[in-house]
Amino acid sequence: MSPSAETAPPLLRATALTRHFPVTEGVLLKRRTGAVRAVDGIDLTVRRAETLGIVGESGCGKSTLASLLMALDRPTSGTVTIDGQNPFALSGPELRALRRRVQMVLQDPYTSLDPRMTAGQIVGEPFAIHPGAVPRADRGRRVAELLETVGLDPTHRDRYPHQFSGGQRQRLGIARALALEPRLLLCDEPVSALDVSVQAQVLNLLDDLRRELRLACVLISHDLAVVQHLCDRIAVMYLGKIVETGTREQICATPRHPYTRALFAAAPVPDPRRRAPDDALLLEGDLPSPAAPPSGCRFRTRCPYARPQCLTEPTLRLRDGTDHPTACHFPLESTG
Amino acid sequence: MSQAAPPLLEVEDLCVEFRTTRGTIRAVNGLSYSLREGETLALLGESGSGKSVAAQAVMGLLDTPPAHITRGTARLRGDDLLALSPERHRAVRGTRLSMIFQDALTALNPVLSVGDQLAEMYTVHRGLGRKAALARAVALMDRVRIPAAARRAHDYPHQFSGGMRQRVMIAMALALDPEVVIADEPTTALDVTVQAQIMRLLRQLQAETRMGLLLITHDLGVVAETADRVTVMYAGRTVESANAEDLYARPGHPYTRGLLDSVPRLDRLGKPLVPITGSPPPPSSVPTGCAFHPRCPRAEPRCGTDEPSFRTLTPTGHRSACHFAEEVHHVPVG
Ligand SMILES: Nc1ncnc2c1ncn2[C@@H]1O[C@H](COP(=O)(O)OP(=O)(O)OP(=O)(O)O)[C@@H](O)[C@H]1O
Ligand SMILES: Nc1ncnc2c1ncn2[C@@H]1O[C@H](COP(=O)(O)OP(=O)(O)OP(=O)(O)O)[C@@H](O)[C@H]1O
Ligand code: SF4
Ligand code: SF4
Ligand SMILES: [Mg+2]
Ligand SMILES: [Mg+2]
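In the order they appear, the protein sequences are chains W and Z.
Every number in this note's numbering is 415 more than the matching position in the first sequence, counting from 1.
Every number in this note's numbering is 419 more than the matching position in the second sequence, counting from 1.
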């Protein structure tokens, strides 16, 4: 990494980020009775041209975190900075200029595109919102370029979303996200709605784009194999918190948090000769509700290594700077 | 291997059409498989390949019209299920043949406690009194490892977590000791840590009961962890079938090979993915000849016109429907 990249502020930074959704009771007079702590104290950074994977099971807060990072939703507390600037302190043209730098690709290629717009209109839509980005006369050519970049035929620009397959629709969504030449692309479950045989097309496209355009990426997925395949660094989430971050090699070869290790143990490997023995240790139970997270360490109700201290003492928030931070009182040493 | 157990469930050349005002859709078009006692057979295929329709045909759950079974047989220990009257078919369902669905919340009755639902199986089918039936229900919940079964029997489906609800549905399917259980994407809606629990439970129950398990899934990992044998479907047809180790080590069909090359794997860090081009065809416009030919890297002109036969490649019963099956099978997966 060049020295300037080291010293420049990270492209994206979250500090002590929380988002709590109020839980109310009563129909007419809503009474606030608690909170879903969907995101509950998250620190992370994304550097230039880096791919960060965020992995965790359903309901752990991944999509809520994504909206906060994209400044589409306001945090309950904590801060987000994009290129060193706080989006919530900006408005008007300044905010628009900042937003251009971070774009998002949504999970569902069936509902995230307007069925009445053509492919060309969908991909060119950002130019209408940011008229200064590309001169009007060049927009047609730019849309054609974008379609080509994502592997679509530019002559199909007048087709409607239903005339494309799921994988092609996901490409349209990616082309639209690239229109304003963002520095960072955030993809929330970009392939989980696609057929198995089509997923690799989109994963390879994302991989090529980030290399060729030197794009930073945040890739959110419940699938450890997808995240491992594409990402330089990985953050593992459980119940609104990041429990471990590290390089791909650190997370895959020497996971230190018991939850990370459990995720690896549970992920089925497509090779019958490598079947896990039926007495291998598995996690018990389901995820607790984020409206009533366990005291102490949130993972303690399912952790095979829990000790009395885990019941009462919260695990520390992850901080940047350490090499391989883990939110566990008794981190595991090496893979057994 | 000539003395292998006779097949428990043998489906041959099954064809199912939907006749609608907008035309005829051939959802299943020549599916064959056989399942033996104590065996897990995976039916592997992508979305829309006809897996669920084929299972519903065997279970007798298709509405006719619009569905029409136009060809084929499905023999359960020799009795052709497809020739049964709807009443006889219903009698087989639940007792000799049962099904586990993906979404337990819609498959269970929301206004009946879980214990009562399970007990009903024993009062209706086994003529037990209410109390004895409830005791059996609790024992069954215990058997699928639902903690505090006696207490939880009074709870309603929505009071259970996703994983526990799936256990309830498994209990329901096993209540009357069926010979065959069909599990249609039983863990697709679950988290991976819960999926691992449920798949282990299914394997354990199968070892106890010797039931035949037909596991329907699109997940190559789940198949590899659980199945003894695999039948691969593409566009309503059988394209390959083999025991699981052979299929993964030396697939005999370019589609299966393509699937294996395109999934990211935790055990192969950094290995590039080789995608299959294009996407699966909708059943309204399945290509002529070999249905896979527009996407196949090995295709030759005849693939667009001649439909390949489903033929046997090895003495262990590895079969493939590809004109070049022998050559494809010859190359191990790298
Ligand atoms: N607008 C909202 N109001 C109340 N609760 C919410 C809201 N949005 C999300 N939640 C809750 O916050 C938690 C985290 O949800 P989120 O969608 O971020 O999870 P996720 O990790 O993206 O899950 P999935 O993998 O299923 O997409 C969940 O318990 C969810 O029910
Ligand atoms: N009632 C129906 N009327 C018309 N077409 C139908 C009907 N039910 C299913 N089909 C069609 O039959 C084809 C096979 O569907 P099926 O549900 O068996 O697929 P599947 O392999 O189970 O897919 P998935 O993995 O998505 O569950 C699909 O193209 C579907 O649209
Ligand atoms: S802090 Fe305790 S309960 Fe939490 S992960 Fe570590 S060992 Fe397990
Ligand atoms: S028959 Fe031809 S098109 Fe079909 S799988 Fe074989 S080589 Fe490919
Ligand atoms: Mg989400
Ligand atoms: Mg289905």
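Calculated directly from the structure, the hints in this document are not laboratory data.
Each residue gets a CB set at the ideal place from its N, CA and C atoms; glycine is no exception.
Please note that the accuracy of each hint is not assured.
What the hints assert, rightly or not - Partial pick of chain Z residues on the chain W-facing surface, computed with a CB cut under 8 Å: (1) His-487; (2) Pro-529; (3) Thr-607; (4) Val-611; (5) Tyr-667; (6) Val-682; (7) Ser-698; (8) Pro-702.
Said to hold, decoys possible - Computed list of chain W residues with no C-beta within reach of chain Z, every gap over 10 Å: (9) Ala-512; (10) Ala-552; (11) His-637; (12) Leu-702.
Stated by the list, open to error - Calculated pairs, SDA-like style, for lysine to any residue (alpha carbon to alpha carbon, straight line, at most 20 Å): (13) Z:Lys-690 - W:Asp-638; (14) Z:Lys-690 - W:Asn-619; (15) W:Lys-477 - W:Lys-445; (16) W:Lys-477 - W:Arg-447; (17) W:Lys-477 - W:Ser-492; (18) W:Lys-477 - W:Ala-707; (19) Z:Lys-690 - W:Lys-477; (20) W:Lys-477 - W:Leu-521; (21) Z:Lys-690 - W:Leu-521; (22) Z:Lys-690 - W:Ser-492; (23) Z:Lys-690 - W:Arg-648; (24) Z:Lys-690 - W:Phe-679; (25) Z:Lys-550 - Z:Asp-574; (26) Z:Lys-690 - W:Arg-689.
Handout entry: Proposed proximity, Arg-447 of chain W with Lys-477 of chain W (alpha carbon, max 20 Å)
Key = violated, 24 Å
Practice task
Starting from Lys-477 of chain W, check that the Cα of Leu-521 of chain W is at most 20 Å away, please.
Solution key: holds, 12 Å
Problem - Hinted contact Val-611 of chain Z with chain W - closest CB pair below 8 Å - result: Cβ of Val-611 of chain Z sits 5 Å from chain W, so the hint holds.
Practice task
Classify the hint on Tyr-667 of chain Z as holds or violated, based on whether any CB of chain W lies nearer than 8 Å to its CB.
Solution key: Interface hint status for Tyr-667 of chain Z: holds (6 Å vs cutoff 8 Å).
Handout entry: Pair hint Lys-690 of chain Z and Arg-648 of chain W, alpha-carbon separation not exceeding 20 Å
Key = This hinted pair holds, its Cα atoms lying about 17 Å apart.
Practice task
Could you check if Ser-698 of chain Z really has its C-beta closer than 8 Å to a C-beta on chain W?
Solution key: holds, 4 Å
Practice task
Verify the proposed pairing of Lys-477 of chain W with Ala-707 of chain W, using a straight-line Cα cut of 20 Å.
Solution key: holds, 18 Å
Handout entry: Given hint Asp-574 of chain Z paired with Lys-550 of chain Z - CA-CA distance at most 20 Å
Key = holds, 17 Å
Handout entry: Restraint check, 8 Å cut-off on beta carbons, for Pro-702 of chain Z near chain W
Key = violated, 14 Å
Exercise for the section: Classify the hint on His-487 of chain Z as holds or violated, based on whether any CB of chain W lies nearer than 8 Å to its CB. Expected result: Where the cut-off is 8 Å and the nearest Cβ of chain W is about 27 Å from His-487 of chain Z, the hint is violated.
Exercise for the section: Measure nothing beyond the straight line between the CA atoms of Lys-690 of chain Z and Asp-638 of chain W; if it is 20 Å or shorter, mark the hint as holding. Expected result: holds, 17 Å
Exercise for the section: Would you check the hint for Lys-690 of chain Z and Phe-679 of chain W, treating anything up to 20 Å between C-alpha atoms as holding? Expected result: holds, 18 Å
Consistency with the previously given hints fails for numbers 1, 2, 3, 8, 11, 12, 15, 16, 19, 21 and 22, ordered from lowest to highest.
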